[in-house]
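**Student:** Sequence:
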Amino acid sequence: MLSSLTPIVCGIASLGLDHVKLLGNTIEQIAWQKAGIFKHNVPAIT
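For what it's worth, UniProt numbering labels the leading residue of the sequence shown as 1, then goes sequentially.
Since the hints were derived computationally from the structure, they do not count as laboratory data. Wrong hints could be hidden among the right ones.
Derived CB-CB ranges, DEER-like [as the list claims (entries may be wrong)]:
(1) 24 with 4: 13 to 21 Å
(2) 5 with 27: 24 to 32 Å
(3) 43 with 4: 15 to 23 Å
(4) 39 with 15: 28 to 36 Å
(5) 24 with 46: 14 to 22 Å
(6) 46 with 25: 32 to 40 Å
(7) 38 with 4: 30 to 38 Å
(8) 26 with 4: 16 to 24 Å
(9) 6 with 28: 15 to 23 Å
(10) 27 with 4: 33 to 41 Å
(11) 28 with 5: 14 to 22 Å
(12) 41 with 21: 14 to 22 Å
Where a beta carbon is used, it is the ideal one built from N, C-alpha and C, also for glycine.
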């Protein structure tokens, strides 16, 4: 059963160094932070 808080899909936009002040100093650190949106058994798009 789905609740109103159950995600049906997760997605992120392209990675870039424009978020260094918030998410990290390297593309790898930014990717790690953005990957936190992904959930088990929920389809993901990029």
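**Student:** Next, verify each hint and record whether it holds.
**Tutor:** The hints, checked one at a time:
1. Taken as a hint, the range 13 to 21 Å is violated for the pair residue 24 and residue 4, whose Cβ atoms sit roughly 32 Å apart.
2. Separated by about 31 Å at the C-beta atoms, residue 5 and residue 27 satisfy the suggested range of 24 to 32 Å.
3. Distance hint check for residue 43 and residue 4: the Cβ-Cβ separation is about 18 Å, which falls inside the suggested range of 15 to 23 Å.
4. Here the CB-CB span from residue 39 to residue 15 is close to 19 Å, at odds with the stated 28 to 36 Å.
5. Taking 14 to 22 Å as the suggested C-beta distance range, the pair residue 24 and residue 46 conforms, at roughly 18 Å.
6. Taking 32 to 40 Å as the suggested C-beta distance range, the pair residue 46 and residue 25 does not conform, at roughly 22 Å.
7. As the Cβ distance of residue 38 to residue 4 is approximately 20 Å, the hint placing it in 30 to 38 Å is violated.
8. Judged by the Cβ atoms, the range 16 to 24 Å given for residue 26 and residue 4 is violated: they are separated by roughly 36 Å.
9. The hint said 15 to 23 Å for the Cβ distance between residue 6 and residue 28, and at roughly 30 Å that hint is violated.
10. For residue 27 and residue 4, the hinted distance range of 33 to 41 Å is satisfied, since their beta carbons lie about 34 Å from each other.
11. Restraint check, residue 28 to residue 5: a C-beta distance of roughly 30 Å breaks the suggested window 14 to 22 Å.
12. Here the CB-CB span from residue 41 to residue 21 is close to 33 Å, at odds with the stated 14 to 22 Å.
Against the hints set out earlier in the document, violations occur for numbers 1, 4, 6, 7, 8, 9, 11, 12.
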